Amino acid sequence: MKFRRKSGVESKISTSSMPDIIFMLLIFFMVTTVLREYSGLPVSLPKAERIEKLESKRHTSDIWVSKDGLISIEDKLFNNDDVRHIMYEKRAADPQLTVSLKADQAARMEVISGVHNELRKADALKLNYSTKVKVPN
Amino acid sequence: MAIRERKARTGAIPEGGMADIAFLLLVFFLVTTTIDMDKGLGIILPAEGQELEINKKNILNCLISSSGAVLLGGEPVELKDLSRRVKEELRENDKLIVSVKAHEKAQYDVYIEVLDQLKLAKATRISIAETE
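These protein sequences, in sequence, are chains A and B.
Residue 133 in the working numbering sits at position 133 of the first sequence; the count goes up by one each step and never skips.
Heads up, the working numbering is the position in the second sequence plus 1000, with the first residue counted as 1.
Excised from the complex, chain A in its bound form (with noise of 0.2 Å):
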């Protein structure tokens, strides 16, 4: 049996259409991307060890206790009875819900104490006492 000749076919993946599914990813990444909404109030969080990921971001809602007592949700100040409210629509919103507390490493026990008892009014029983990572020596 004689073996046949290759014949002389070009094969070479067109490249030509690349760019184009590059700029798509990018596209993809660019919507997907969830920029930060909201810039909070200015805290600098506690450090712990054992900390966990917060599950996903969109699940979460954030409030801030700033160091001087205040309380921030979406870039709107609260007084410690209005918390209720505004986590109680947000929970009802999202089941899921998870609240990430952050909270300045200065704050008072007090504020805190404050807003756990607002979050369990509001049914929103997943916290996250949101915090840097600290090197464990």
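Because the hints were derived from the structure by calculation, they are not lab data.
One or more hints might be untrue.
[Unchecked claim] Derived lysine to aspartate or glutamate pairs resembling DMTMM-like cross-links, with alpha carbons at most 20 Å apart:
#1 B:K1122 / A:E49
#2 A:K134 / A:E49
#3 A:K47 / B:D1081
#4 A:K47 / B:E1015
#5 A:K12 / B:E1104
#6 A:K121 / A:E110
#7 B:K1039 / A:D68
#8 A:K126 / A:E74
#9 A:K102 / B:D1038
#10 A:K121 / B:D1109
#11 A:K90 / B:E1048
#12 A:K126 / B:D1038
#13 A:K126 / B:E1048
#14 B:K1039 / B:D1109
#15 A:K121 / B:E1048
#16 B:K1105 / A:E49
#17 B:K1039 / A:E55
#18 A:K134 / B:D1081
#19 A:K67 / B:E1104
#20 B:K1105 / A:E52
#21 B:K1039 / A:E74
#22 B:K1122 / A:E52
#23 A:K134 / B:E1078
#24 B:K1039 / A:D62
#25 A:K132 / B:D1109
#26 B:K1039 / A:E52
#27 B:K1101 / A:E110
#28 A:K102 / B:D1109
#29 B:K1057 / B:E1075
#30 A:K12 / B:D1020
#31 B:K1087 / A:D94
#32 A:K67 / B:D1109
#33 A:K132 / B:D1038
#34 A:K134 / B:D1038
#35 A:K47 / B:D1038
#36 B:K1080 / A:E49
#37 B:K1056 / B:E1089
#38 A:K53 / B:D1038
Just so it is clear, the structure is predicted and the values come from calculations on it, not from any experiment.
Using the hints, position chain B against chain A.
Chain B only, in chain A's frame:
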């Protein structure tokens, strides 16, 4: 002076480098977007009106004073010894519930440190008592 006739040049932009440029942009955006995942200590608050009566024997009180001192079961304890002490207590009684109670003027970072130490000691039953 004679005007020279222009040569008919083909003005094509080279497309070969286009993919490289797009790739470069993609890599730039990938690198510069910081996906700042929120990290922190997770806790589940007890539901409203769900206070349980617990046997006194199974409660270990952890008090935080306004000055940041920590009392464990009535004795003062250093923060860095806390996890070791709680671990010992847990070994004796695995039904132990650690009740953290902070003074209202206590600082938040002490509280976080205490919670961190409790998590380090693998204390899963942590109760947050209201401030006094």
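Practice task
Measure nothing beyond the straight line between the CA atoms of A:K67 and B:E1104; if it is 20 Å or shorter, mark the hint as holding.
Solution key: With a Cα-Cα distance of about 14 Å, the restraint between A:K67 and B:E1104 holds, given a limit of 20 Å.
Practice task
Compare the distance between the alpha carbons of A:K12 and B:D1020 with 20 Å, and conclude whether the hinted pair is satisfied.
Solution key: Holds, because 19 Å separates the two Cα atoms, which is no more than 20 Å.
Exercise for the section: Mind checking the alpha carbons of A:K134 and B:E1078 for me, to see if they're no more than 20 Å apart? Expected result: Holds: A:K134 and B:E1078 sit about 18 Å apart, inside 20 Å.
Practice task
Starting from B:K1039, check that the Cα of A:D62 is at most 20 Å away, please.
Solution key: Roughly 12 Å separates the two Cα atoms, so the pair holds.
Problem - Straight-line alpha-carbon gap A:K126 to A:E74, limit 20 Å - result: Between A:K126 and A:E74 the Cα gap is close to 18 Å, so the pair holds against 20 Å.
Problem - 20 Å limit on alpha-carbon distance, applied to hinted pair A:K126 and B:D1038 - result: 14 Å, holds
Practice task
Measure nothing beyond the straight line between the CA atoms of B:K1056 and B:E1089; if it is 20 Å or shorter, mark the hint as holding.
Solution key: 14 Å, holds
Exercise for the section: Take the C-alpha atoms of A:K126 and B:E1048, compute the straight-line distance between them, and say whether it is at most 20 Å. Expected result: Satisfied, since the Cα-Cα distance of roughly 13 Å is no more than 20 Å.
Practice task
Measure nothing beyond the straight line between the CA atoms of A:K47 and B:E1015; if it is 20 Å or shorter, mark the hint as holding.
Solution key: Between A:K47 and B:E1015 the Cα gap is close to 51 Å, so the pair fails against 20 Å, i.e. violated.
Exercise for the section: Given the hint that A:K90 pairs with B:E1048, test it: the Cα-Cα distance must not exceed 20 Å. Expected result: OK: A:K90 and B:E1048 at ~17 Å, within 20 Å.
Problem - Pairwise hint evaluation, A:E74 against B:K1039, where the allowed Cα distance is 20 Å at most - result: At roughly 19 Å apart (the allowed maximum being 20 Å), A:E74 and B:K1039 satisfy the hint.
Practice task
Assess, step by step, whether the Cα of B:K1039 is no farther than 20 Å from the Cα of A:E55, and give holds or violated.
Solution key: 9 Å, holds
Hint compliance for this structure: hints 4, 5, 7, 10, 16, 20, 31 are not met, and every other hint is.
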